[in-house]
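Which chain is which? The protein sequence lines are C and P, in order. According to our numbering, the stretch in the first sequence is residues 46 to 388, in order. According to our numbering, the stretch in the second sequence is residues 46 to 388, in order.
Hints were generated in silico from the structure; no laboratory data involved. Treat the hints with care, as some may be off.
Pairs count within a copy or across copies, as identical chains cannot be separated in the list.
As the list claims (entries may be wrong) - Below, simulated DSS-like cross-link-like pairs (lysine-lysine); rule was C-alpha separation at most 27 Å, straight line: (1) K310 / K293; (2) K195 / K234; (3) K98 / K48; (4) K195 / K236.
Now for the letters of each chain:
There are 2 protein chains.
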Amino acid sequence: MKKYKLSIDMLGSETKVHEVLRGIDQSLKRNINYKFFLFGNEKLLKKEIDKYKELIKHTDIINCTESIGMNDKPAEIIKSKKNSSMFLTIESVRNKISDAALSFGNTGALMSYSLLEIKTLSEIKRPSIASIWPNLKGESIVLDLGANTKLDARYLIDNAILGSSLASILFKIEKPSIGLLNVGKEHNKGKEEIKTASEKLKELSKSLTLNYQGYLEGNDISTGVMNVIVCDGFTGNVSLKTAEGTAKLFQSHLKDAFSSSIFSKIGYFFSSIALNSVKERLDPRVHNCGILMGLNSLVVKCHGQSEYRGVSYATDIIYSLLYNNVNEKIKSYVSEIQEKLGK
Amino acid sequence: MKKYKLSIDMLGSETKVHEVLRGIDQSLKRNINYKFFLFGNEKLLKKEIDKYKELIKHTDIINCTESIGMNDKPAEIIKSKKNSSMFLTIESVRNKISDAALSFGNTGALMSYSLLEIKTLSEIKRPSIASIWPNLKGESIVLDLGANTKLDARYLIDNAILGSSLASILFKIEKPSIGLLNVGKEHNKGKEEIKTASEKLKELSKSLTLNYQGYLEGNDISTGVMNVIVCDGFTGNVSLKTAEGTAKLFQSHLKDAFSSSIFSKIGYFFSSIALNSVKERLDPRVHNCGILMGLNSLVVKCHGQSEYRGVSYATDIIYSLLYNNVNEKIKSYVSEIQEKLGK
Chain C
46 MKKYKLSIDM
56 LGSETKVHEV
66 LRGIDQSLKR
76 NINYKFFLFG
86 NEKLLKKEID
96 KYKELIKHTD
106 IINCTESIGM
116 NDKPAEIIKS
126 KKNSSMFLTI
136 ESVRNKISDA
146 ALSFGNTGAL
156 MSYSLLEIKT
166 LSEIKRPSIA
176 SIWPNLKGES
186 IVLDLGANTK
196 LDARYLIDNA
206 ILGSSLASIL
216 FKIEKPSIGL
226 LNVGKEHNKG
236 KEEIKTASEK
246 LKELSKSLTL
256 NYQGYLEGND
266 ISTGVMNVIV
276 CDGFTGNVSL
286 KTAEGTAKLF
296 QSHLKDAFSS
306 SIFSKIGYFF
316 SSIALNSVKE
326 RLDPRVHNCG
336 ILMGLNSLVV
346 KCHGQSEYRG
356 VSYATDIIYS
366 LLYNNVNEKI
376 KSYVSEIQEK
386 LGK
Chain P
46 MKKYKLSIDM
56 LGSETKVHEV
66 LRGIDQSLKR
76 NINYKFFLFG
86 NEKLLKKEID
96 KYKELIKHTD
106 IINCTESIGM
116 NDKPAEIIKS
126 KKNSSMFLTI
136 ESVRNKISDA
146 ALSFGNTGAL
156 MSYSLLEIKT
166 LSEIKRPSIA
176 SIWPNLKGES
186 IVLDLGANTK
196 LDARYLIDNA
206 ILGSSLASIL
216 FKIEKPSIGL
226 LNVGKEHNKG
236 KEEIKTASEK
246 LKELSKSLTL
256 NYQGYLEGND
266 ISTGVMNVIV
276 CDGFTGNVSL
286 KTAEGTAKLF
296 QSHLKDAFSS
306 SIFSKIGYFF
316 SSIALNSVKE
326 RLDPRVHNCG
336 ILMGLNSLVV
346 KCHGQSEYRG
356 VSYATDIIYS
366 LLYNNVNEKI
376 KSYVSEIQEK
386 LGK
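Produce the entire structure from the sequences given, and follow the hints as far as they go.
Right, dumping it as structure tokens:
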């Protein structure tokens with residue numbers, strides 16, 4: 046039986062070792078063909094993993110003493126920190142010892158190491174960071190969330206392909222609906238690059254497995270009208286962070302409201318379970334994972350303060366993408382397109 | 046005593062006449078030097094206004110039979126709908142019969158009429174839509190929210206001036222802090238146009254009344270680290286709509302949570318007052334008003350389904366801006382800058 050091998054960078058973030066171990070242990074119960082490589086403090090890891098008898102059998106520990114800090118500049122660490130847990134994690138994927146990488150650390154550094162070592166698929170010009178965004182109907186894929194801030198029609202089309210491949214595997218939909226994020230729904234709205242991408246995507250949707258539906262606006266991300274929302278990395282990054290900020294503002298107002306009177310305190314007592322479930326559904330420590338798409342191997346970045354649920358969620362996603370051979374799917378999309386465009 | 050004259054477009058939206066009248070009646074109690082011109086259905090307006098004895102004395106009604114629809118294209122209506130309530134509202138400001146305009150209708154049409162009839166201040170290249178955004182500490186100004194989707198350093202600097210003038214009047218702060226929306230806080234982050242604007246704003250802040258503080262990210266909008274958040278109209282529009290979508294998603298999850306069990310239903314009973322106050326603090330029907338800045342006169346667009354509280358809130362803001370002569374303030378900022386730059 047084929048093993049799916051995942052390298053995990055265990056240093057350089059506030060995520061606790063026991064949260065990671067508990068998370069991957071849970072995922073292993075569902076995905077029994079997993080093999081893990083943990084890059085971190087061997088002594089600590091050996092001590093903590095001791096309570097997970099099954100996980101021990103599926104795990105190799107690689108001792109690392111150096112880590113990348115959250116404030117380290119990508120340009121600087123690329124030359125100097127070749128013994129860091131992050132570099133060694135990526136290196137193991139590059140050398141085919143492992144199939145995918147997971148880190149909780151510095152996103153810029155992870156992106157730089159991935160670009161330099163793993164490189165993009167020859168068909169994709171630039172990688173993209175995708176995330177699974179909750180909406181009123183369930184979930185959708187939004188990308189790019191900050192890998193590439195340049196607005197360019199070709200990159201938007203690449204993002205549509207990457208997002209569609211991801212959504213079709215994760216949501217088990219044959220032709221996920223794709224929308225381009227814009228400031229209005231009418232065809233004459235927005236910037237030239239977006240209009241060009243829209244025209245090309247319409248053309249490609251006529252015969253390909255792509256299912257481009259047109260423009261959508263910021264508020265449509267949460268209503269769930271499309272499976273895949275495509276934008277440039279600048280817009281996506283601001284948008285994601287604005288949504289996180291708004292959710293925090295809402296929670297803070299709610300907390301104030303519940304401590305405002307004796308009645309609301311009683312109310313809180315009776316409704317705390319329901320409220321916690323809402324909080325959890327929108328908690329970035331549980332749901333914030335950025336999938337670096339378009340590279341020769343899969344790299345995933347989780348929130349810097351992930352909990353075990355976040356870890357097991359991300360680990361499940363990686364398994365599903367590996368099992369369904371996401372990169373082959375992307376390649377077949379792209380070659381279809383290249384044939385069609387006669388390039 | 047000087048009268049402050051406000052023209053209101055009463056047609057072309059889902060906002061009810063009685064909500065508008067109740068809203069401006071409340072504002073009149075606080076701002077007794079207001080004079081209103083209502084452009085709408087005379088018969089209906091006369092009937093409804095009858096219960097506001099004081100308001101009648103301060104109001105003229107101008108009968109209009111034509112209205113701009115929410116789906117009308119700006120390019121088309123500019124030529125054809127010269128008898129619409131919106132056009133006549135703007136026209137009254139252009140002809141100095143009135144000092145400012147308020148509408149609940151089609152934003153694109155309002156923008157086009159304003160640009161053509163009222164025109165921008167000679168010192169400002171492009172107008173901008175500003176809004177008052179709630180945050181953890183209170184409120185901040187965000188602009189541009191969609192007047193001008195082109196990213197350009199000069200426009201960003203104009204937006205900083207417009208936003209700073211607005212914040213200093215509305216929040217009564219001498220030198221409001223200004224931040225540029227970006228994908229990171231480090232000086233080397235983001236697009237060229239944003240970097241150029243940042244350098245110039247730093248330069249201008251050394252001696253001017255501008256107080257530019259550097260970059261901020263999407264999540265900082267809600268924490269309230271700056272009084273003014275500056276961005277291009279594309280980013281601002283997507284960001285605002287994403288925040289609205291997230292707030293709706295949160296409310297919907299909350300509603301589900303409260304009906305999930307008998308305990309949470311009891312909880313809801315006791316906490317409903319507190320919860321409604323949260324809902325109201327983030328309700329766009331109450332707080333969504335877009336201020337068109339940089340024109341020769343003030344034009345304000347409120348949510349298409351405004352309630353009386355939203356109307357009175359917007360009417361208070363307009364009074365405050367007129368009373369404090371916002372356009373003179375903007376002009377003095379700009380002439381200071383022009384002197385400094387030797388243009």
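Status of each hint after checking the structure:
1. For a Cα distance limit of 27 Å, the shortest separation of K310 from K293 qualifies both inside one copy, at 20 Å, and across copies, at 24 Å.
2. With identical chains, the CA atoms of K195 and K234 are at most 27 Å apart both within one copy (19 Å) and between copies (12 Å).
3. Taking CA atoms no more than 27 Å apart as the test, K98 paired with K48 passes inside one copy only; the shortest distance there is 19 Å, against 81 Å between copies.
4. For the identical chains of this complex, K195 and K236 are neighbours both inside a copy (13 Å) and across copies (8 Å), given an alpha-carbon limit of 27 Å.
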